[in-house]
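Turn these sequences into a full structure, and let the hints steer you where they fit.
Number of protein chains: 2
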Amino acid sequence: MNLDYIIPNDWSILEEGFDPKHVKASESIFSIGNGAMGQRANFEERYSGPTFQGSYIAGVYYPDKTRVGWWKNGYPEYFAKVLNAPNWIGIDVFINDEALDLYKCKKVEHFKRELNMKEGWLSRYFIATLQNDTKVEVSVKRFLSLDMDELGAINYSIKPLNSNATITYRPYIDSGITNEDTNWDDKFWDTLSVSHQDNQAFIQAKTMKTDFYTCTFMQSQVFVNDGLVAIEPDTSSDSNSVSFGYTHNVKEGESYSIHKFGGYTVDRNHDKYELVTAAKSVLNKAVKEGFNTLLENQKTAWSKIWEMADITIDGDVKAQQGIRFNIFQLNQTYLGKDARLNIGPKGFTGEKYGGSTYWDTEAYCIPFYMATKDQSVARNLLEYRYNHLEKAIENAEKLGFSNGAALYPMVTMNGEECHNEWEITFEEIHRNGAIAFAIFNYHRYTGDYSYIPEKGLEVLIGIARFWHQRATFSRDKNKYVILGVTGPNEYENNVNNNWYTNYIAQWCINYALENINTVENQYATDYTRIMNKAKLSKAEMQEWKTVADGMYFPYSEEKEVYLQQDGFLDKELITVADLEKSQRPINQKWSWDRILRSPYIKQADTLQGFYFFEDHFTTEELERHFDFYEPFTVHESSLSPCVHSIQAAKLNRMDQAYTFYLRTSRLDLDDYNHEVHEGLHITSMAGTWMSIVEGFGGMRIKEGKLSFEPRIPEQWNAYSFKVNFRHQILKVNVCKGHTHFELEGDQDLHIVVNGEDVTISPNNLVTV
Amino acid sequence: MNLDYIIPNDWSILEEGFDPKHVKASESIFSIGNGAMGQRANFEERYSGPTFQGSYIAGVYYPDKTRVGWWKNGYPEYFAKVLNAPNWIGIDVFINDEALDLYKCKKVEHFKRELNMKEGWLSRYFIATLQNDTKVEVSVKRFLSLDMDELGAINYSIKPLNSNATITYRPYIDSGITNEDTNWDDKFWDTLSVSHQDNQAFIQAKTMKTDFYTCTFMQSQVFVNDGLVAIEPDTSSDSNSVSFGYTHNVKEGESYSIHKFGGYTVDRNHDKYELVTAAKSVLNKAVKEGFNTLLENQKTAWSKIWEMADITIDGDVKAQQGIRFNIFQLNQTYLGKDARLNIGPKGFTGEKYGGSTYWDTEAYCIPFYMATKDQSVARNLLEYRYNHLEKAIENAEKLGFSNGAALYPMVTMNGEECHNEWEITFEEIHRNGAIAFAIFNYHRYTGDYSYIPEKGLEVLIGIARFWHQRATFSRDKNKYVILGVTGPNEYENNVNNNWYTNYIAQWCINYALENINTVENQYATDYTRIMNKAKLSKAEMQEWKTVADGMYFPYSEEKEVYLQQDGFLDKELITVADLEKSQRPINQKWSWDRILRSPYIKQADTLQGFYFFEDHFTTEELERHFDFYEPFTVHESSLSPCVHSIQAAKLNRMDQAYTFYLRTSRLDLDDYNHEVHEGLHITSMAGTWMSIVEGFGGMRIKEGKLSFEPRIPEQWNAYSFKVNFRHQILKVNVCKGHTHFELEGDQDLHIVVNGEDVTISPNNLVTV
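Note that the protein sequences, when read in sequence, are chains Y and H. For the first sequence, UniProt numbering assigns the number 1 to the initial residue and increments by one for each residue that follows. For the second sequence, UniProt numbering assigns the number 1 to the initial residue and increments by one for each residue that follows.
Hints were generated in silico from the structure; no laboratory data involved. Take these hints with a grain of salt, some might be off.
Because identical chains share one entry, a pair is satisfied inside a single copy or across any pair of copies.
[Stated by the list, open to error] Keeping only pairs whose Cα atoms sit at most 25 Å apart, straight-line, the calculated SDA-like set for lysine to any residue is:
(1) Lys479 with Leu563
(2) Lys209 with Pro63
(3) Lys559 with Asn478
(4) Lys398 with Gln583
(5) Lys72 with Lys589
(6) Lys72 with Phe52
Written as structure tokens, this is what we have:
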């Protein structure tokens, strides 16, 4: 653990005391979002200390020109950047003509920051003594509305404590912003118009190249002691900003507040010529409702999310805070309303990685959204890939594949590849497997087969074709091999026969063939349509099968384990425990070649296969592989601890499972990887959810039934979670020695608990 | 072959007819240099068509900030760029107020360009009709003086053919130049002063960051019908240029000429405050001698070089032109006078690759310089690496090595690594082997052991330590392995147990141990000094030996060949002959992953080992390996055909040897690799020399004696070459059926011809 200043609390993230060294980390941790937009927890007033300003709009990106040292054929022309959007939260504050700036105050006392996850708001409180000796008490509350997802609201309030004070609020909007992360210092935004009328202001701006049209807007009201006052603003504007000055002579002990409403309207949701009109309508509604009503609505909206998504942990505040933080951030990032959007690894909390969609969505996020939302959300996530199938085929063509073979991009915003390290882009092809697996997983969980004949099968065919073409025949081994890949463990590059990749390749082909057969027999119309489109012959399918049946898997007879890749046993097999602490994290201490030739594993690789395909192996096999690989695993990927927590729980190693659970759930709160200032690890947060539900809860789907093998860490008294399974909601409450099940719905649910069939009737507590 | 416009000629490179599409290629091919500076064959007058302007000063580079997509620990901060230096050749020409510009003329007739290799000059001739209908005959001759290597001279002459004409020559110098190749569009030069006096002009400029101080200078004289005329120049200057205008009303049929002298003085050779003084002294001497005398001196200087270095081929003009072009360009690039300089892969003909020193120097260039110059030149090249030993140790430390292990950089200007692809910089470690091999080769050829106790042994110890630490023990194989490397064949990355690397690693350790022993026994003082410095114990040496003795070499029992690396036989072994032509060159047609998983070999890899260590293997073994690997070799490295030509000759496959010879010798003249416009392949030109001397001539050193197995391609009547062997010069003239040997020197030379001992007495033609 690298940082330890977040105060444990069941429902809130709390920071007390002002430390400029924590500002960037807290800007990440206290980020807020509503699925449509999000922002780092930057201060409203100017701050001259180290800060990382970021406000992001879902789906708005910039295709930054790729930067590489040495160009390789097939690299994408651009790297999609998450774009810092125009600022609407800014409020310059002047107190007796001195700008309020926490970095420059004489004294800052009683500083407290709270991210209230239950109600969905962020607040700040402090007493500051300015250089001019004016002492003020400041309270700020801010939220991004879930109900009106183009709107955010701020209540900023100041009370002079030691004298009367002339206070000016100068709320502004500003499109003259920059990105932290840019390859060529390009300008990303083109401001089209700046306008204002009465107390409303609007900036229309479009992104360069991608031409996303946006309108950033604001309107404010000021209050003295909670009474609305009409102050004619002093308006100032230039080519990319507008501000309104509201000045008032405030008496000592009196409070002077501003309610600022702001946000974005975007052309994904409106005609690009109607963005100002749409913005006016949002502002008019917001002002009419007022800050307090909007805040009440916010609490209600979040309570609905928590009603379904909450996980309680009794007896371990840090663990409780961790899981709620993870669930909260996931819901802030993606709510599943729009199939055009996806789940970026940093959500709305930073710019790193760029792009929005990695295999993380399919491998880690879908189970969470499937179980805590309506199943249409998971289906939206699947359709996102279906909609990108043509581009995945084009992407494969660039790399020399043909005949409809599809290679989904490693990183994308719009279906095109936008990453450019050859060892990742060209070689980390296992991502294709996760995309097929998600289709299988969706059907397994929801029982909804209709997606496959309607859309999924075309994706499965494109993926099967890719694997068929990508495998080559080794005369030496008399088997099909897959050469030159990077597996999930990115601390190996260009290896041959990565077991995970070969295994999922074989599975993809077999799964595609199985579904072609099912669709042929049961969905004749879809079958004809798909076959006409894909021009797939029986002969080609036979070729697929030859490859799948002849696939090679590296195996050690001596160790009785599958080998992560050819030659793994040639390494110096020194475990992480025997590696000096000073050498870690190896990705910060070692040169790349040294990492590559070491045995150290960044995240589950062979074990990822055992996670996906658990029922293909015995528990003894899982144990043998876990014991072989985990000791070499450095968990320097945020996606690593969750899988290991689930498998440790399955193996009944509760201490280990608990340690991994803490690491995954508090990864950002405690900054395990020394990088929280860059943003949060959003996608791995779904892994945290899995480590409770699938790990401790032991939830699986077996033959269409929910199955549980509940376990509980020694440190906890009880924990509970809910899953939405095929339109019924089951609450599971695991205590020491027994588990309660409670069902919302209208018909019995047959589940399996520790191998025994159990029937749960609606609204009837069942204890096992 | 991609281009076919160079006219075959024994001694000259000739182009006839003006084609703007050939301008960039010709700018490369007709490049001139004198070891201290060099330049592309840019026109003196302005040219508005596509052109690549380049003038380069030996040892003057810029550490351009590295550009990579994704930073890896251990990457160098900078990439050394060969710098385009201030222009001194420029002469703006105005004819009746119209600028002469070949791209804009109404008509260009009788255009002819000649690079006279025998005499070392470049000329141009053409008749141009301008837009204003003035028709002029233009003759230009230019050379860079070998005798005065800071000086170049131009004779530019115009004769109006259809009317009188007012002609202005405006010679200039200009430091406001840019590089073709820059990562961040940085400015590379800082102009310090611009001055002129009478007809002389000077620009002092220094490179940014590296602070190389230079003075660019010029002085001109004008002539009418060869009679010097005194014209007061019209001078113009700004912050980074000076020009002098010389205008004359020239009668129809009269010739108006300018002799321009220019060049660079640099702080490698002068005090940085004395550069203008030094430049004046060069100019005064040049003007005093005059263009014609300087040109005569140039012919004499080149005749001395050719006296020793020439290779004649009778009966095959293209082959003759090819080898002379190669020898000429090598001598233009590096003359061996300065141990601070080295041989850049593009010499002074382009910017690509940056840096000056690759393993090319040791693996390809040293034999040429050793045999055609005094042996002190080769020793200078060895000392270059000795002088960089400390930096090679630092470089190894950055990658996690210790205790004096040295890893020489892949690319360098000053001993620091300046390349930044992990798969090259961190993994292409075989370069260390070539550096040790060059020491062995120097001793083998020259018989001069003194270099080893004086300097070489320290290098050998640093290199042996590296290999000892870089190899790891595989329990699985019960052998030492070298994991994660890139061999000479750069179409494989991060492979395990590259045979060439493992073999040369073992050899390096054994060779170091052998020499430690020799120095201990025969050079006690040096031994003590070196051991004190290196702190090398017997125990450490024993550890080296354990690694060398236990080294693993991948081998196929079935094919009876060493495998290029582990797993090579898993590839789809489709030969190049069976690969569609449309797919080649694969480095332009295929994505990197596809290249990597293919069996295709960029240049000799296993065979490079058979070349270096030919006497470790039988001819049958060589043949088996040649037959196995050559069919998969695409020769997309300039360094590939020469080695294969030598080995094909050794195997008596003369047709193949001849084809490879043409490919290596005319690589740039015929633009085999579609890239001559970027510059010439200088280092591989030494390989061309080897393919005649070692290939057809079969020259080897065996037990301290020169040995020959002369062969001759069917297409040739005879060929001859000379070698400087241990201070004696042997001329070898191979005819069909017999070979003549002639010796300059004062004592008998015992050689071996086709396995038989032969004694050659001085100045006595011996025919075998």
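Outcome of the hint check:
1. Taking the closest pair of Cα atoms, lysine 479 and leucine 563 come within 25 Å of each other both inside a single copy (16 Å) and across two copies (19 Å).
2. Taking the closest pair of Cα atoms, lysine 209 and proline 63 come within 25 Å of each other only inside a single copy of the chain (7 Å); across copies the shortest separation is 33 Å, beyond that limit.
3. With identical chains, the CA atoms of lysine 559 and asparagine 478 are at most 25 Å apart both within one copy (23 Å) and between copies (16 Å).
4. Only between protomers do lysine 398 and glutamine 583 lie at most 25 Å apart by alpha-carbon distance; the minimum there is 13 Å, versus 40 Å within a single protomer.
5. Taking identical chains as interchangeable, the C-alpha atoms of lysine 72 and lysine 589 lie at most 25 Å apart only when they sit on different chains, with a minimum of 10 Å there against 28 Å within one chain.
6. When the C-alpha separation of lysine 72 and phenylalanine 52 is checked against a cutoff of 25 Å, the pair qualifies only between copies, where the shortest distance is 23 Å, while the shortest distance within a copy is 33 Å.
The structure meets every hint from the earlier list without exception.
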